[in-house]
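Enquirer: Heads up: the protein sequence lines correspond to chains A and B, in order. The first sequence begins at 1 in the numbering used here and counts up by one. The second sequence begins at 1 in the numbering used here and counts up by one.
Rather than coming from a laboratory, the hints here were simulated on the basis of the structure. From the three backbone atoms N, C-alpha and C, an ideal C-beta is built for every residue, glycine too. Some clues are possibly wrong.
Stated by the list, open to error - Stretch-level coverage of chain A by chain B, calculated; a stretch enters the list once three of its residues show a Cβ under 8 angstroms from a Cβ in chain B:
hint, region
1, 26–34
2, 101–113
3, 252–261
4, 277–284
To be verified - Below, a sample of chain A positions facing chain B; criterion: calculated Cβ distance under 8 angstroms:
hint, residue
5, Ile46
6, Ile69
7, Gly70
8, Ala78
9, Gln88
10, Ile93
11, Val214
12, Ala218
13, Ala221
Number of protein chains: 2
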Amino acid sequence: MAQVRDVAALAGVSPATVSNALNHPSKVSPDTFARIQAAIDELGYIRNDAARQLRAGTNRAIGMIVLDIGNPFFTDVARGVEDVLLDQQRPLILGNSAQQPARETNYLDLFEQQRMDGVLITPVGDVLDRLRRLRDRGTSVVLVDRMTRAKEFSSVALDDKMGGRIATEHLLATGRERIVFIGGPAKITQVKTRLAAARLAVEQHGGAAELTFVETDAMNAEAGRAGVEQLLALPAKQRPDAVFAANDLIALGVLQALTLAGLRVPDDIAIIGYDDIDFAASAAIPLSSVRQPAHDMGSVAARTLIGVIADPAGSKVQHVTLKPQLVVRRSTGG
Amino acid sequence: MAQVRDVAALAGVSPATVSNALNHPSKVSPDTFARIQAAIDELGYIRNDAARQLRAGTNRAIGMIVLDIGNPFFTDVARGVEDVLLDQQRPLILGNSAQQPARETNYLDLFEQQRMDGVLITPVGDVLDRLRRLRDRGTSVVLVDRMTRAKEFSSVALDDKMGGRIATEHLLATGRERIVFIGGPAKITQVKTRLAAARLAVEQHGGAAELTFVETDAMNAEAGRAGVEQLLALPAKQRPDAVFAANDLIALGVLQALTLAGLRVPDDIAIIGYDDIDFAASAAIPLSSVRQPAHDMGSVAARTLIGVIADPAGSKVQHVTLKPQLVVRRSTGG
């Protein structure tokens, strides 16, 4: 396989000049650069990233650990990251923790062994010490969609308080009074924050409005269906007139269970979801939702990370919070 | 940062023994291994994969290029790959071509620069020459879900002919006679094969049964909605009594458009999709579908690739075809 010295010989320059052309093209005259490029093409030389990585001590790849690659919300975030990294010629190594701390640790081990330049993570387990160690060994870290108690890592998150409030205010403004919030487990930060904001909005609205909480054991369609079973067991008069689902997957399960039970959406019961994944707009009754700027969050996180990598000591810790947006569709009468 | 020689000194062994413990643990006695492990922990030594990679000439990571990371079918395949690779301590570098040849080439460039051990690809452009070059430079290649004219690379694919046939036979067996196939563009291999198999099944059934083809410009929910608009323009008597959608995303769009137009599924029109993504089962009217063993396909592809990597010259080229399965739900009267 062709080496730098072969390229240098064919181009009639020193190996150091070839190295400059590869790493600092502006230091080389256009003529020389063209000669070197022609030699590279002719010899089929490929720069060996392993050698460069060894000299630099790090790996240009960026590692990313997401909670659930089966949820389109996270693939939207990953696409936002990927769009930025592709421009930078940095490959994205995507790991799916599937919400299991053991898988998360496994990926962190791999990333540490690979001495990557940077890691984006939505933590599931208690990994703060691991992240500190990564950072101390030269890997930059940015948190995505989840804050930790420690504010020492830059983070990009979404404003769940605002999301919970605008969804609930929309239901109240369209005349709904008996709202049920379906989601869980309750200890998940997003569920906790959205529910608290919904409660506050109902209190501030006053009058006859009330909010009930049906806790689920997961954030998927099956959990939504199970949640509806509890509602259907109630006497018709006590049934809610609106469901606020903690995410769109739950909302899709709620829509299915209500449809199969012969209830009309939105006439009998309105539904609003959260995330605005593509499947919300293409549901049989298009679902209202709270749009999360998932793709933007990925892009902002990737750009923040690239800033930290460029200047690990100098870059200030930043906590960016992106705002969600109400999307009204037919499931709430839109 | 701690080096192998520091570990060796602390454990009271030679550097070669430390190297054996890291690379061939069975060559080292349990006692020695425990001493070395303790030294590694105490010093915080981390093996440098860049150095190892440089010596070996390749990178343990596996690159994978998928067509559309927003389609759950492909994330299911990726999860199947990931489950196998995680056991092998090999990171997965996932790239999304988004069906754009330029993005595909970009990822192949990165994978070539990184000198990866292996690449899994569902090709979109004409990349046969690129794949040959990758292979000649020591990167093993396995094709996923798509055959090329050249049979020189091992591949794992799905039996679309069988899938097209069983979906159509199911519609005919439940008394449907005017079937419309919605999907496209027609040049996509999967669309072509499924449609041809559907036509054949209708011909063999004989009688009054007929099949019409409505070509779409994409394989998503929006295309399904657009396809239904053409059907709704027909006089009621000429309307089909069944839709065979080329994938589940299209089927979801069809279900939505029919529901919003006041048509009943399955009473007026039955729908069957293809892939059996999670969203098919959780649609408002649960969708019948052709289940593709996506996760299995990913696992088989990963294991095939690992076999080729272990013995690039000796391993026989293999073409595995996995069988789909009919899943009957309410949208076809199940």
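Enquirer: Each hint: holds or not?
Expert: These are the hints, each one checked on the structure:
1. 26–34: violated (count 0)
2. 101–113: Coverage by chain B holds for the region 101–113 of chain A (7 residues, Cβ < 8 angstroms).
3. 252–261: holds (count 6)
4. 277–284: Contact hint for the region 277–284 of chain A vs chain B: holds, 6 residues under 8 angstroms.
5. Ile46: 6 angstroms, holds
6. Ile69: Ile69 of chain A check passes; min Cβ-Cβ to chain B is 5 angstroms, inside 8 angstroms.
7. Gly70: 6 angstroms, holds
8. Ala78: 7 angstroms, holds
9. Gln88: 11 angstroms, violated
10. Ile93: It holds, given that the least Cβ distance between Ile93 of chain A and chain B is near 5 angstroms, below 8 angstroms.
11. Val214: 18 angstroms, violated
12. Ala218: 13 angstroms, violated
13. Ala221: 4 angstroms, holds
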